[in-house]
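> Please take these sequences and the hints and turn them into a complete structure.
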Amino acid sequence: MIKLDRVTKVYPGGTEAVREASFEVEKGEICVLLGPSGCGKTTTMKMINLLIHITAGKIYIDGVDNTKIDEDELRRNIGYAIQDIGLFPHMTVRQNIETVPVLKGWTKAERAKRVETLLELVGMGSGEFIDKYPSELSGGQRQRVGVARALGADPPILLMDEPFGAIDPITRARLQDEFLKIQREIKKTVVFVTHDIHEAIKMGDKIALMNEGELVQYDTPANLLYRPKNGFVEKFVGADRALKGLQLIRVKEFMWGFPPTVKTDETAQAARQRMKREGINQMVVVGEGRKFLGWVEWADLEKGKMVSEIMKPSSDVATVDTVLNEALSIMLSTRLNNLAIVNEDNRLEGMLSFDAIRKALSETAQRGESE
Amino acid sequence: MIEAWQFVIRNPEQMVEWTLEHLWVTFIACSIAVILGVPLGIYITDKGKEQIADAVLYLAEITMTIPSLAIFGFLMFILAAIGLPSIGFTPAVIALIIYAQLPILRNTYVAIRQVDPAMIEAGKGMGMSERQLLFRVKLPLSVPVIMAGLRTAIVMTIAIATIAAVIGFGGLGQAIWWGIRGARMDLIIAGGVSVAILGLLTDIFLSRVQRWVTPKGLKEM
Amino acid sequence: MRRQVVLVSLIALCIGLTVWVTSMDRVGIMFPFTWEGMAKHAQRHLQLVFVAEIIAIAIGVPLGVLVTRPGFKKLAIPIIGGASAGQSVPSMAIVAIMVPLIGLGFRPAMVALIIWGVLPILRNSYAAINDINPAIIEAARGMGMTRGQIVRKIELPLALPVIMTGIRVSTVVLVGSATLAALVAGGGLGEIILVGVFVGEPLIILQGGAPAAAMAITMGFILERIERWMTPRGLRVKAEIS
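Residue numbers (my numbering), protein chains in the order written: chain A, 93 to 463; chain B, -14 to 206; chain C, 103 to 344.
No lab work stands behind these hints, which were simulated from the structure alone. All of these numbers come straight from a predicted model, not from anything done at the bench. You can take every hint at face value.
Some but not every residue of chain C turned toward chain A, in silico, with C-beta under 8 Å:
(1) 241
(2) 245
(3) 247
(4) 334
(5) 337
Even for Gly, the Cβ is constructed at its ideal location relative to N, Cα and C.
The following block contains the structure:
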């Protein structure tokens, strides 16, 4: 979809911002341009929509040399999202989002429908935001509008320059999750610039790690973590790369599906037998329709007759799509050695143990090395 | 042009006297304006005085738009009514104090208001009293903005003092005024050019001072 | 509300004084100006201000915007720097210097007012365009707006309020400076003031000064309203610091 062929940028005055960068972004993939500030990642991205002109080399979009396309036309067909600061302060949310559709001459009805769809998509579809101005929105809402605006005319390609940069970590994590969810639906080809390794691992199908204008490694997040090409990559990825790798794995890969359970109206004796048979010292307690309620522990079995008396209620859960490092941090913050995995209706789908996480760690490390 | 130059050469004492008069009234008026304007500006930044502040600042803003000749007329009328000299130095200096006051007052207010609340918080956290907070945190941080106000005030005072020649105050405006009344081109040019140079030089000088009084940590670049 | 009280009482004071003096039989040794005389001078005053202001806008706005454009940026420092320095030259000096160059009458007064009026407009027009956050312009470019579209849809609406502030400041300053036009026989309310000065009669000075003050305050108010009306709603939330 996007192919860079030995792209070089030299600024007037001789600074070489990018040197012979070559890589290819597949259709529907998120490619993260990662690196320390001044490494040339933003320059590389801006050469794709020709906000910065290419000194040497070629960039092909769907096989077409991008310098052969009319610049304005090119940019109208490539979504562009930057930090919230880029919203037009004198335009409402609606006017901001329909900027490109207006440029492309869509009819009023088409535009109205599109704005509605997009606000719905970014979770602001209640209609209360559509006529507000950027200054009346929270930081997170502005970022969402920024994404919606970039998607304005449904471009096949999306360029995002630290779109979740100036925002608190909690909101940022939520926006990242939301964007990934949207991306599963819309399948755009995305080039995403960030300096944050965590964000890169979380968002990227591929990561292009740059340093001092050169592309150091272009690879999957797992390979970048476990098969660093040189010392720079290793250092940039950090000593805790094993932990970072947990971000790449979802709970469903390592959870225990259909674990043994016990119901509240069963006896402690029944629970004891089942736990002995399975060789576990904690067991999930479920209610009607396998709804997750809490845990029963081996040490507590003597304390009462019925499961309902000795059960420890809990609401700490994860879903099958939770990444392992988040699951791990939930487990560390409770006293439990296990985590219940539920669906949207709180119905039990599985159980995750510390042992499973340890196993995941060693397996992914091998996976990276064997590839 | 040549005549004007000849006038200056032949009457150096007169030119010096006019210039000194001009600078003197500027100095007096601006000093008093600082003494009045800065405390008033600080006073109206207190909590609970927002409405007073708004009215005072608005009054200041409007007063600046009033033509100076109108203010002179008004002052002459009042001074005559209470038996004080209604021409010359007295109405001139009063009018100049009023005008010079306004940018100083406004900038003091704005400067103190825009001190980062986090710094005030930090000062409080270290156990500073309100007084210490004002003298050690708020005022030092406000100096550059207050200084900018003073610069505006001084340049404006020089300009208005020129007009004050019309109501019998001396200064370099006197040359222009006499020149106009007596159809003496040399006087008009000598006065006009020297007052223009005075304004420009003062402004350049004050911009240096402004940079110099800015605390090192606040300087850009 | 409080602002309106301040505004209305000041205007009322000025108009009250004007009416009071004009309706007097005699002021000291002389007659006050008649209503017809007042009207004539006020009209001439407004004429000076409006003509000078329109020419000042016609020069200041395009020039201020021009020097923000790539290719003309080198001119920005001398032109804008010159304009700021020019504002430190007393208006009376500009009026005075016009006399030997052009002579006495309406024209030198007009030229002096145009020079004096163009400075704030030039500065604000330049600042208005120059201070627009570059990220906004880049976002617009990134979305495929043409140069013309960026000027029309982004730069102009964002710059207009600031340009308008320059026009307001300049107009108000001109109402005041136009009283000096009388010094070079340019007419206007300053002439009444000068008569008052010559005969040493403060009330006559007020008869010319008070309506000029009322004019300045009223115009400042009206133009501020226009300015607010021109400010896009999304920008009004921001606090103003001058």
